[in-house]
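Sequences listed follow chains A and B, in order. Residues in the first sequence are numbered from 1 upward in steps of one, following my numbering. Residues in the second sequence are numbered from 1001 upward in steps of one, following my numbering.
These are calculated hints, taken from the structure and not from any lab test. Among the clues, some could well be false.
To be verified - In silico DSSO-like pairs for lysine-lysine, Cα to Cα no more than 30 Å straight-line: (1) Lys1181/B - Lys1077/B; (2) Lys205/A - Lys166/A; (3) Lys285/A - Lys296/A; (4) Lys77/A - Lys1296/B; (5) Lys1205/B - Lys296/A; (6) Lys1077/B - Lys285/A; (7) Lys1285/B - Lys1296/B; (8) Lys1205/B - Lys1166/B; (9) Lys166/A - Lys181/A; (10) Lys1285/B - Lys77/A.
Claimed, not checked - These stretches of chain A come out as covered by chain B in the derived footprint (C-beta under 8 Å, 3 or more residues): (11) 41-47; (12) 67-80; (13) 233-239; (14) 298-307; (15) 316-330.
Since we're looking at a predicted model, the values are computed, not measured. Using N, Cα and C, we set each Cβ at its ideal position, and we do this for glycine too.
There are 2 protein chains.
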Amino acid sequence: MRSLLPFTVSHRDPGSSARAAVLETAHGSVETPAFMPVGTAGTVKGLAAWELERLAPQMILANTYHLLLRPGVERMKILGGLHRLMAWHGPILTDSGGYQVFSLAARRRVEENGVVFRSHIDGAEHRLTPESVIAAQASFGVDVAMVLDECLPYPVAPEAVAPSVKRTLRWARRALDQAAKEIEEGWLGGVFAIQQGALSEAHRKRCSEDLVGQPFDGFAIGGLAVGEASEQLHEAVGFCAPLLPEDKPRYLMGVGYPEDLLHAISCGVDLFDCVLPTRSARTGKVFTSIGDINIKNARWAEDGRPLDSNCSCPTCVRYSRAALRHFYISREATSVVLLTMHNLWFFLSLMRRAREAIMASRYGEFRRRIIERRRQGPDDAGPKKR
Amino acid sequence: MRSLLPFTVSHRDPGSSARAAVLETAHGSVETPAFMPVGTAGTVKGLAAWELERLAPQMILANTYHLLLRPGVERMKILGGLHRLMAWHGPILTDSGGYQVFSLAARRRVEENGVVFRSHIDGAEHRLTPESVIAAQASFGVDVAMVLDECLPYPVAPEAVAPSVKRTLRWARRALDQAAKEIEEGWLGGVFAIQQGALSEAHRKRCSEDLVGQPFDGFAIGGLAVGEASEQLHEAVGFCAPLLPEDKPRYLMGVGYPEDLLHAISCGVDLFDCVLPTRSARTGKVFTSIGDINIKNARWAEDGRPLDSNCSCPTCVRYSRAALRHFYISREATSVVLLTMHNLWFFLSLMRRAREAIMASRYGEFRRRIIERRRQGPDDAGPKKR
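Next comes chain A alone, as it looks inside the complex (with noise of 0.2 Å):
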């Protein structure tokens, strides 16, 4: 199968595994290290698509569980696909919805086929198959789809953990003999398996072993950040990751805080996705240099400095703690606008720092500095500006 998603690593970091690379797609290329704002239903909640550019992520996700139950498939379809419906036109990556699915606990069931479960929407059946999910991805238009898996819990019974990577497996396989058929039907994009096994490096290694002999245009990490601790998902990305191939990127999904993110890239990981910039915003936490901040506190009602003072975001541009304290206690839908532009900015722009970084040779450097400004923790004993 001809690879639609050529992968180019530009730039080895000598002092720990991090690359920087690129990937091609249809809508443009991806630079990584790179971070992927999450879009669910086809906005990145609170932003315009206009202000999404202004972003300028290098690919963002969407997620099929959700796009599947609304619009569906066939609407999707009439309505000229995910881009057409996002109005962005840059790359896109979909989830295949088993991570949702496996979320829905009582309400779905796995069978040998596929998962069938019960819309939260309105309770209506529905079947995921690891053929439907690509059909259904490819039919969106995306550029890089996934395959259906099976997200074990935290914890997990160690002797569940076999049959259910070999359940992935023989799915990945019937994943990409789907994406073969849509390609030769005119889709531009390619399909990433998942990569599963608990905490274990022998499943991982026995689930890499037989996804890496076949023509994946990617691979992912799944089933991390499911609630195990920080140094056990440090240790995990550390033996997962070198079980990928070398020569095709490398996606963590579901992760991370910045330090993750950070451990994750000396570790090899190229791509990222996680709701926690945007869904933080919502609940008032803010992502900065020097680290987090809870604009709800009382201690920002009368400071007129920036978020972050590092920061050249139009938020940070614009407005004082104080000010966004004020519209956030007052339920004001722009805070949510403001705090997410900030948020992604903060990721997106660290990513562009680690490349960066990693391009210079530097990236061990860069990482600690990161992170022990971080845990000085925001200032405000300072003059303030007002």
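For this one, chain A is given, so just place chain B on it according to the hints.
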């Protein structure tokens, strides 16, 4: 008292009382007729300041009542004033808080000195006096402050009108004295009086006669759009507007529908404010050149056309009705942003075009054409651009 708000009529429409004028303020010129978007608590709900700038309103309105309760006068001073809080550096007009307080009904009582009320936020007792509301608005640094007035409900007992109007007139004089002090102390704004008198031409006349001799910078028509029928509103505007001076701006408070604005302009009104475009955006009601749309309606679910094919707002340029319906029913925060942008664009562009029509001495024809097209209603039978 020297006026800090010079007002010049640029052109009068020969076929009506409509006029095109310019009101100068310390934060820029206000070309009229103009519609002021409402930014109650310091934001136009859903819009970052840079979005608001893109809409380029001539002036915006904020609510003194809300700002007095939060952040409050002292904190607003510390934060550098309302322009700084809003990150909006064009002209701002604030209402006096009277309208909001009178809507509280059971939770307020009127005394000769002012109004006592309980906060809707924490139940704390507050007092507004004619002096305190001017002082508050001046300390916010607004360009136009409104006097405290008594806004009568609809319908109202005829015998209640005269004593209420007399109190409003006594309060107006006290407001003017306070404004003179504030200007002496450096405030660069001005004060508009408010004509009251319910739906009685005689009361409106007596009220105006008392006000027009005083050095106000402009005159508002208050107490309309409080529940009376559209015909009553139009009739009242017809006799209220000519009672106010020709050489000062006339401001019709809290109105209204596009058809109401077009009528009031023909009667010689210059300024408007209303929550209609912004509040409607949050309930899915969309204004267009061919009538209004409820975006929730299933009839738009597969309609690939923009909200209004005659509109060049950022939303219409990028998004289909179907996409906007999907975002609305999916309760996406972005829906508020997109529909607010469109609705405000519609109102602001209507005012700009009204001004052009006045300048070209063809306002009557312009108004007829707009109203006729809006009566058509949005077409859903035509070919769909997908």
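**Request:** Starting from Lys1285/B, check that the Cα of Lys77/A is at most 30 Å away, please.
**Result:** It holds: about 26 Å lies between the C-alpha atoms, which stays within 30 Å.
**Request:** Below or equal to 30 Å on CA atoms is what counts here, so check Lys205/A against Lys166/A.
**Result:** holds, 12 Å
**Prompt:** Are at least 3 residues of the segment 316-330 of chain A within less than 8 Å of chain B when you compare beta carbons?
**Reply:** holds (count 9)
**Request:** Starting from Lys1205/B, check that the Cα of Lys1166/B is at most 30 Å away, please.
**Result:** holds, 12 Å
**Message:** What's the verdict on Lys77/A and Lys1296/B, does the C-alpha distance respect the 30 Å limit or exceed it?
**Reply:** Given pair Lys77/A, Lys1296/B holds - Cα atoms ~20 Å apart, limit 30 Å.
**Prompt:** Has the segment 67-80 of chain A got at least three residues whose CB is nearer than 8 Å to a CB belonging to chain B?
**Reply:** As far as the segment 67-80 of chain A goes, the hint holds, because 6 residues have Cβ atoms under 8 Å from chain B.
**Request:** Please count how many residues of the segment 298-307 of chain A have a CB within 8 Å of a CB from chain B and say whether that reaches 3.
**Result:** holds (count 3)
**Prompt:** Taking a Cβ-to-Cβ distance below 8 Å as contact, does the segment 41-47 of chain A have at least three residues touching chain B?
**Reply:** holds (count 7)
**Item:** Within 8 Å of chain B (C-beta), three or more residues of the segment 233-239 of chain A
**Value:** This one is violated; 0 residues, fewer than the three required, reach chain B with a Cβ under 8 Å.
**Request:** Take a quick look at whether Lys1285/B and Lys1296/B sit within 30 Å of each other, Cα to Cα.
**Result:** Since the Cα atoms of Lys1285/B and Lys1296/B sit roughly 8 Å apart, the hinted pair holds (cutoff 30 Å).
**Request:** Decide if the proposed pair is consistent with the structure: Lys285/A and Lys296/A, CA atoms, cutoff 30 Å inclusive.
**Result:** holds, 8 Å
**Message:** Checking one constraint from the list: CA of Lys1181/B to CA of Lys1077/B, max 30 Å. Satisfied?
**Reply:** With a Cα-Cα distance of about 18 Å, the restraint between Lys1181/B and Lys1077/B holds, given a limit of 30 Å.
Going down the numbered hints, you'll see the structure goes against 5 and 13, while the others check out.
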